[in-house]
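Colleague: Residue-level listing of the chains:
Number of protein chains: 2
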Amino acid sequence: MDRPEIILAPGPTPIPPEVLLAQGSPLVYHRGPGFGQLMREVTDRLRELYRTESADVFLITSSGTGGLESAVQNVLSPGDEVLVPLAGYFSERWTKLAEAHGLNVRTIEYEWGQKVRPDDLAKALAERPAKAVLLTHSETSTGVIQPVQELARVAREAGALVIVDVVSSLGAVPFAFDEWGIDVAVGGSQKALAASPGLAFVAISDRAWEAHATATLPRFYFDWSIYKEFAERKHPENPWTPAISVTQGLHAALELYFQDGVDVAMKRHRTLSRAVKEGVQALGLDLFGAGLEDNWTVTAIRAPEGIDADTISDRLRSDFGVVIAPGQGPLKGKVFRIGHFGYFSELDIIRGLAALEMTLERLGHPVKRGAAVAAAEGVFQEAPGASNDA
Amino acid sequence: MDRPEIILAPGPTPIPPEVLLAQGSPLVYHRGPGFGQLMREVTDRLRELYRTESADVFLITSSGTGGLESAVQNVLSPGDEVLVPLAGYFSERWTKLAEAHGLNVRTIEYEWGQKVRPDDLAKALAERPAKAVLLTHSETSTGVIQPVQELARVAREAGALVIVDVVSSLGAVPFAFDEWGIDVAVGGSQKALAASPGLAFVAISDRAWEAHATATLPRFYFDWSIYKEFAERKHPENPWTPAISVTQGLHAALELYFQDGVDVAMKRHRTLSRAVKEGVQALGLDLFGAGLEDNWTVTAIRAPEGIDADTISDRLRSDFGVVIAPGQGPLKGKVFRIGHFGYFSELDIIRGLAALEMTLERLGHPVKRGAAVAAAEGVFQEAPGASNDA
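Top to bottom, those sequences are chains W and G.
In terms of our numbering, the first sequence is residues 1 to 390.
In terms of our numbering, the second sequence is residues 1 to 390.
Please keep in mind that the hints were generated in silico from the structure rather than gathered at the bench.
Take these hints with a grain of salt, some might be off.
No distinction is drawn between identical chains; accordingly, a pair holds when it is met within one copy or between any pair of copies.
To be verified - Capping the alpha-carbon separation at 30 Å, the derived lysine-lysine pairs in DSS-like fashion look like this:
hint, residue 1, residue 2
1, 115, 234
2, 368, 131
3, 115, 228
4, 234, 334
5, 228, 123
6, 228, 334
7, 123, 334
8, 332, 234
9, 131, 228
10, 332, 228
11, 368, 332
12, 228, 96
Given the structure is predicted, the values throughout are model-derived calculations rather than measurements.
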């Protein structure tokens with residue numbers, strides 16, 4: 001019997017029934033009071049999530065990558081120098097994106113899985129200034145949460161714009177646009193908020209608007225000036241026909257998210273993350289990446305000696321319908337990744353760990369049945385109330 | 001009591017319940033066999049709709065405008081000369097888009113509502129060649145269907161690439177990518193196919209791929225090479241996390257559309273268009289735009305003397321929950337537009353006309369009650385079977 005996939009990946013994350021219903025309801029027309037109210041409410045909630053009073057927040061119909069490209073196109077000009085600390089797949093995406101636009105890209109290279117060191121950034125900017133620093137908050141390929149607050153401080157002191165990919169971190173781990181001095185932060189609908197993919201959002205500081213005024217990279221679909229003009233209409237609008245159904249779903253997702261609020265969501269993510277990490281370690285597996293205690297979005301796990309990590313994810317899918325994420329780039333075949341941010345409850349994590357136990361046993365790894373589940377239960381018994389209905 | 005809006009606009013069009021259910025169902029993960037099959041089936045159907053054997057067809061998570069920008073970015077280089085026949089809001093969008101990318105834009109100007117003449121295009125291209133001609137098939141702002149088959153022939157003979165906006169025409173009026181010699185055609189999910197907005201699609205000819213190979217405009221999110229690489233994987237993928245729910249809805253919409261097939265859909269659109277046109281004329285209103293017998297997507301109607309067209313659309317919404325489209329650009333306040341492509345049945349049109357009768361009477365226009373409805377009934381009695389369940 002075909003059943004829905006059990007998604008334990010770092011986005012899209014499972015969609016709550018309330019969100020599915022909202023995105024499966026008749027559409028509200030995108031030029032009129034109904035959609036205007038929807039946009040206003042979604043934008044207000046997002047501003048709260050970004051922790052900003054002053055930034056403009058726009059919704060863009062695209063994946064997160066489209067939002068990242070909007071950041072580059074809107075504040076930079078050909079030949080501008082940008083600095084990218086490289087420590088995984090998504091920071092590499094920044095470099096590719098910047099190079100595609102003829103920017104002068106400098107990198108600070110780390111092994112994948114390492115944390116970027118603010119001192120390295122300070123040194124690099126002291127050697128030669130950059131117009132902007134392109135950061136990745138949650139490096140989804142490794143699970144590492146980068147120290148954006150410190151990196152942003154260093155970058156601002158050196159006069160660089162701070163542009164951050166928060167696609168898989170916003171709503172999952174602490175972030176504070178105003179307090180940290182961020183200039184552009186790009187989020188996505190399908191991560192911690194548990195809505196469907198199709199919407200990116202950008203928060204834009206006054207400094208970013210100043211840069212925008214003289215930025216000459218060609219842009220049209222992603223041109224923030226056009227978004228601003230339409231957002232300021234009596235009934236706020238999007239310049240182009242937006243993904244209305246996804247916006248309706250995002251509205252419902254934000255309602256759910258804010259039932260408990262940001263702090264409870266953070267606590268839930270931390271607890272679920274601990275349960276996954278202790279669970280897989282109880283099976284004798286090693287974790288990958290630095291600063292594990294901060295990495296609440298996704299856990300990268302080394303495959304046991306002699307087993308290809310992709311075989312584990314393939315068998316989890318074929319035998320149990322469980323979807324996890326494989327390793328990317330140099331980690332392909334070496335690690336697999338379990339997402340645990342968004343709508344997950346304790347029991348979602350536990351069933352995933354049980355599937356992993358059975359899968360590893362089938363692949364010849366010595367498994368004490370129930371060990372991962374027991375370890376996760378231990379975490380949940382210490383910190384009850386991680387599920388959504390706590 | 002809040003009810004869903006009754007949408008009689010040229011996109012988004014009303015979404016069938018089967019489509020709402022599909023987009024409100026649990027998501028299939030975007031990297032794996034399930035989504036691969038979904039993409040393959042959707043793409044095959046779209047290829048049939050485009051009437052192409054050879055073109056690549058990609059789905060892009062964006063509005064139609066994003067798809068248009070992808071066409072410009074992928075086949076052109078800064079300074080390239082493009083020719084745009086200008087006859088409405090959406091052909092003006094082509095010029096803005098091309099100018100934003102530093103192209104050398106020449107226009108052939110018509111009054112809004114006129115048909116572009118192939119001879120004018122031939123003459124302009126004879127005077128000075130262009131790298132590409134940017135056409136708008138269904139000029140949604142006026143209702144006019146432009147003679148793309150003839151314009152494409154002329155453009156190809158002059159060695160220009162033929163790039164066509166078919167966002168609101170694909171599936172609504174006859175179109176044949178291969179036979180007409182089109183190079184790029186950009187469609188959208190929320191028009192004749194009656195899916196939700198959020199997906200553009202592009203069909204790309206071999207000639208367009210040749211141009212792509214040397215085109216230097218900066219691009220990343222919309223870069224077709226990246227789409228091609230992912231589409232050719234064992235399980236077809238999108239390079240970025242796509243609007244999965246909208247894709248699921250589009251799949252259901254295409255299933256519905258192809259239950260009857262393209263020819264029946266065309267006939268339905270023609271019949272519904274006639275019913276709208278004869279209905280409003282029976283109220284003493286005048287139609288706007290050239291070639292009315294070909295214009296099956298949207299009808300532009302002049303407001304009666306002394307009544308602002310925007311007042312008509314505002315009152316239709318406030319009094320009856322009916323959403324039509326206002327006039328754009330120089331037609332603002334002068335015309336209103338009724339969409340009649342997509343999922344509409346005879347009775348959807350009739351209730352819209354009844355609402356229009358009552359609204360016009362309330363605004364002081366002399367109305368013979370039931371006259372528009374009677375005229376529409378006349379059309380349907382002559383051509384029964386226009387509704388979806390015929």
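Colleague: Now, for every hint given, state plainly whether the structure supports it.
Modeller: Hints, one by one, checked against the model:
Proximity of residue 115 and residue 234 under a CA criterion of 30 Å is satisfied in neither setting, with 45 Å inside one chain copy and 34 Å between copies. Taking CA atoms no more than 30 Å apart as the test, residue 368 paired with residue 131 passes in neither setting, with 54 Å inside one copy and 67 Å between copies. In this assembly of identical chains, residue 115 and residue 228 lie within 30 Å of each other by CA distance neither inside one copy nor across copies; the values are 36 Å within and 34 Å between. Taking the shortest Cα distances, residue 234 and residue 334 sit within 30 Å of each other only across copies (21 Å), while inside one copy they are farther apart (53 Å).
In the homo-oligomer, the alpha carbons of residue 228 and residue 123 never lie at most 30 Å apart, since the shortest distance is 37 Å inside one protomer and 40 Å across protomers. For the identical chains of this complex, residue 228 and residue 334 are inter-copy neighbours only, at 27 Å across copies versus 45 Å inside a copy, given an alpha-carbon limit of 30 Å. With identical chains, the CA atoms of residue 123 and residue 334 are never at most 30 Å apart, being 33 Å at best within one copy and 63 Å at best between copies. In the homo-oligomer, the alpha carbons of residue 332 and residue 234 lie at most 30 Å apart only across protomers (17 Å), although the nearest pairing inside one protomer, at 50 Å, exceeds that limit.
Proximity of residue 131 to residue 228 under the C-alpha cut-off of 30 Å is restricted to the intra-copy arrangement: shortest distance 24 Å within a copy versus 33 Å between copies. Taking the shortest alpha-carbon separations for residue 332 and residue 228, only the inter-copy value of 22 Å comes in at or below 30 Å, while the best intra-copy value is 41 Å. In the homo-oligomer, the alpha carbons of residue 368 and residue 332 lie at most 30 Å apart inside one protomer (27 Å), although the nearest pairing across protomers, at 72 Å, exceeds that limit. Taking CA atoms no more than 30 Å apart as the test, residue 228 paired with residue 96 passes in both settings, with 27 Å inside one copy and 17 Å between copies.
Hint compliance for this structure: hints 1, 2, 3, 5 and 7 are not met, and every other hint is.
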